[in-house]
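Engineer: Guided by the hints, dock chain B onto chain A, whose structure is given.
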Amino acid sequence: MSLLGEDIVTEDGEFVINMGPQHPSTHGVLHLKIWLDGETIKRVQPHLGYIHRSIEKMSENLSYRNFIFATSRMDYLSAHINNEACALCVEKGLQIEATPRAQVIRILMAELTRLSSHQLWWGCTGLDLGAVTPFFYAFREREAIMEIMEETCGARLTMNYMVPGGVMYDIHPNFQKRVKDVMKQIKNNLHEYFEILTGNVIFENRTKGVGYLSKEDAISYGVTGPTGRASGVSCDVRKWFPYEGYDKVQFDEILDNCGDCYARYMVRMKEMDQSVSIIEQLIDNIPEGDFQTKTKNVIKLPKGEFYQRVETARGELGVFIVSDGAASPYRIKYRSPNFSNLSAIDHMARGAKIGDLIAIMATLDLVIPDIDR
Amino acid sequence: MEKLTNRYVQINRDPMTFGEKIYIPAIAKGLSITLSHIFRKKATVSYPEQKRPFSPVYRGLHILNRDEEGRERCTACGLCALACPAEAITMEAAERKPGEEHLYREEKYAAKYEINMLRCIFCGYCEEACPKDAVYLSETLMPSNYTRQSFIYKKEDLLIPEHKKQDDK
Numbered sequence: 051m052s053l054l055g056e057d058i059v060t061e062d063g064e065f066v067i068n069m070g071p072q073h074p075s076t077h078g079v080l081h082l083k084i085w086l087d088g089e090t091i092k093r094v095q096p097h098l099g100y101i102h103r104s105i106e107k108m109s110e111n112l113s114y115r116n117f118i119f120a121t122s123r124m125d126y127l128s129a130h131i132n133n134e135a136c137a138l139c140v141e142k143g144l145q146i147e148a149t150p151r152a153q154v155i156r157i158l159m160a161e162l163t164r165l166s167s168h169q170l171w172w173g174c175t176g177l178d179l180g181a182v183t184p185f186f187y188a189f190r191e192r193e194a195i196m197e198i199m200e201e202t203c204g205a206r207l208t209m210n211y212m213v214p215g216g217v218m219y220d221i222h223p224n225f226q227k228r229v230k231d232v233m234k235q236i237k238n239n240l241h242e243y244f245e246i247l248t249g250n251v252i253f254e255n256r257t258k259g260v261g262y263l264s265k266e267d268a269i270s271y272g273v274t275g276p277t278g279r280a281s282g283v284s285c286d287v288r289k290w291f292p293y294e295g296y297d298k299v300q301f302d303e304i305l306d307n308c309g310d311c312y313a314r315y316m317v318r319m320k321e322m323d324q325s326v327s328i329i330e331q332l333i334d335n336i337p338e339g340d341f342q343t344k345t346k347n348v349i350k351l352p353k354g355e356f357y358q359r360v361e362t363a364r365g366e367l368g369v370f371i372v373s374d375g376a377a378s379p380y381r382i383k384y385r386s387p388n389f390s391n392l393s394a395i396d397h398m399a400r401g402a403k404i405g406d407l408i409a410i411m412a413t414l415d416l417v418i419p420d421i422d423r
Numbered sequence: 009m010e011k012l013t014n015r016y017v018q019i020n021r022d023p024m025t026f027g028e029k030i031y032i033p034a035i036a037k038g039l040s041i042t043l044s045h046i047f048r049k050k051a052t053v054s055y056p057e058q059k060r061p062f063s064p065v066y067r068g069l070h071i072l073n074r075d076e077e078g079r080e081r082c083t084a085c086g087l088c089a090l091a092c093p094a095e096a097i098t099m100e101a102a103e104r105k106p107g108e109e110h111l112y113r114e115e116k117y118a119a120k121y122e123i124n125m126l127r128c129i130f131c132g133y134c135e136e137a138c139p140k141d142a143v144y145l146s147e148t149l150m151p152s153n154y155t156r157q158s159f160i161y162k163k164e165d166l167l168i169p170e171h172k173k174q175d176d177k
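In the order they appear, the protein sequences are chains A and B.
Reading the first sequence from the start, the letters are residues 51 to 423 in our numbering.
Reading the second sequence from the start, the letters are residues 9 to 177 in our numbering.
Everything hinted at is true.
Restraint-style ranges between C-beta atoms, simulated for each label pair:
hint, chain 1, residue 1, chain 2, residue 2, range
1, A, D267, B, P64, 44 to 54 Å
2, A, D267, B, P23, 19 to 29 Å
3, B, S152, A, I404, 31 to 41 Å
4, B, I160, A, I58, 39 to 49 Å
5, B, L43, A, G180, 12 to 22 Å
6, A, R103, B, K50, 32 to 42 Å
7, A, H97, B, P169, 46 to 56 Å
8, B, M150, A, N347, 25 to 35 Å
9, A, N68, B, F47, 43 to 53 Å
10, A, F244, B, I46, 16 to 26 Å
11, A, H97, B, K37, 37 to 47 Å
12, A, I58, B, F47, 45 to 55 Å
13, B, F47, A, R228, 19 to 29 Å
Which residues of chain B face chain A? A partial, calculated answer using Cβ under 7 Å:
hint, residue
14, Y31
15, A34
16, G38
17, I41
18, T42
19, A51
20, S63
21, V65
22, Y66
23, R67
24, P93
25, C131
Just so you know, these hints were derived from the structure itself, not from any lab.
Every residue gets a Cβ at the ideal spot worked out from N, C-alpha and C, and that includes glycine.
Extracted from the complex, chain B is given alone in its bound form:
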């Protein structure tokens, strides 16, 4: 064979010996390996009872964040929708009225914010694009459902519930 690169390894191929040619040793060897695995540690996890923890960077279900005072962080700038390769995010902006300062952090907020989870590919670009740290991908899996409509997550489904914040206090 032509030697093309500076370093390469040639695989040697020896013919089978008589001991290898009769089937019985091969079968016995295979069985001994599989039997030895009975006494090893189990590799499986019994899933619904035990769950492996996800890593902090795991890209799961989206969450719309609130700030320290429980106000919505999202300002409906549309950068996440622009960054989304799957075009899964749609939003409508609205202006904050006087008296709503405890609800929304800035003058503009998202009146409608929808993520189509069937389109979403969980790439994490929305999280990367968000200048207000409003949207991030949590460490949970998307639950299954029966209808297509139920996979379009509205703002109420995505927002962290407000009572959580009160519990902290």
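Isolated chain A (complex conformation):
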């Protein structure tokens, strides 16, 4: 009797089960090995690498213009922000800046991506915790944002809209009108979201006090994004290291010091409000001008190391490029938010029940391709 080379029951009488890699609540091919005492979790061990595609190594053979595409496949729900990080890093190496128009378009797109990502997360969280209706409502609103993306970027999920120096095309003439319509709709729907899921007593009982992560632990595990901010770590890159003119827009950083699943839920819900407010500030103020700074056909970065961090929907994404002066990077390293966030799952789940692990995983908002890369 062996399960992946180990006994089902250990010498201490702990029961070992495998959750995943194709479990309905793991949002992809995440494989968690769980040591159980009765129903209480003793230890959780994530097994990674099921969809490793060696994006970092692949990028070493691609030009600086081309390697950006691969990052849309990392965290596919915030594909746009990943592309933005790479474009910004290359721009940093070239010592150029995107045109003012491109910068505003980028912020708008990034916030739309964040909204759609959080909406998908909201639906999936509801689904994981036994509420099916949120899933349909979330996808309905997300579809409106996806249509905007399709109209302007040319694709729905892997947008690939960023190029070093700006954006690929100009925005669609309908863009502003459609975004305003969607924002009006989303503001109404956010109210509905709170009514249907947040105030529900079953949901609150399943999330409040579950999966506690203290501020010190969050810092030591490198947990960032909404997950970190729910533990009281002020880690919003948009505030700390403003890029693309995020310092010019008014928005609040959402913090909570409760550190449980409900806090993570609330931080994301409040972040949607902030995203809407950022979009509303900028949508009427898109400056005129070029949407792209002229760059050479073959981009060559000077010798050196370049690092750029951005705030994706899940946390801090860092892009580190080592250049030896050639037309393709010598080495690329991505610091992906999900990898660090996942590392805290063992700490959070110890002592909890199996059902709580689902709530913890749902509110961590894991995207598996971002962990494996």
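Structural biologist: Relative to chain A, chain B alone:
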């Protein structure tokens, strides 16, 4: 909590009231919301009968373009193959012979032009790289098929059929 940035919002957490603690109001509220959605406009489209139009910049299936006189625009320069991050495009160049001026626009043309649609990621870099506006991504989806071989699109599959041009006249 330590105040780290200049502006932040603290989430307040009030305990549940008695009315919230008993399950029945929560269930009734949820049901009333879902029931109210019955009378709203449908969000779905019955797909094969109705189709949403694609935007002009949509990156779908590739098309090899012809010029106004129906001649092939592609000169097999290889820039699209070079720009392709997925290495999906292969081509072979050939020289135009006398008497073929009505077929090919310039002296060099692509004798073989293949795109492996299973490798293609529809990023649109080939369209951006093409100096002759020969290859562009159309507003159609790639059809599914049974064999891997059928996903390697030859030049004949990609070119706009010539009779279309005659219809225009």
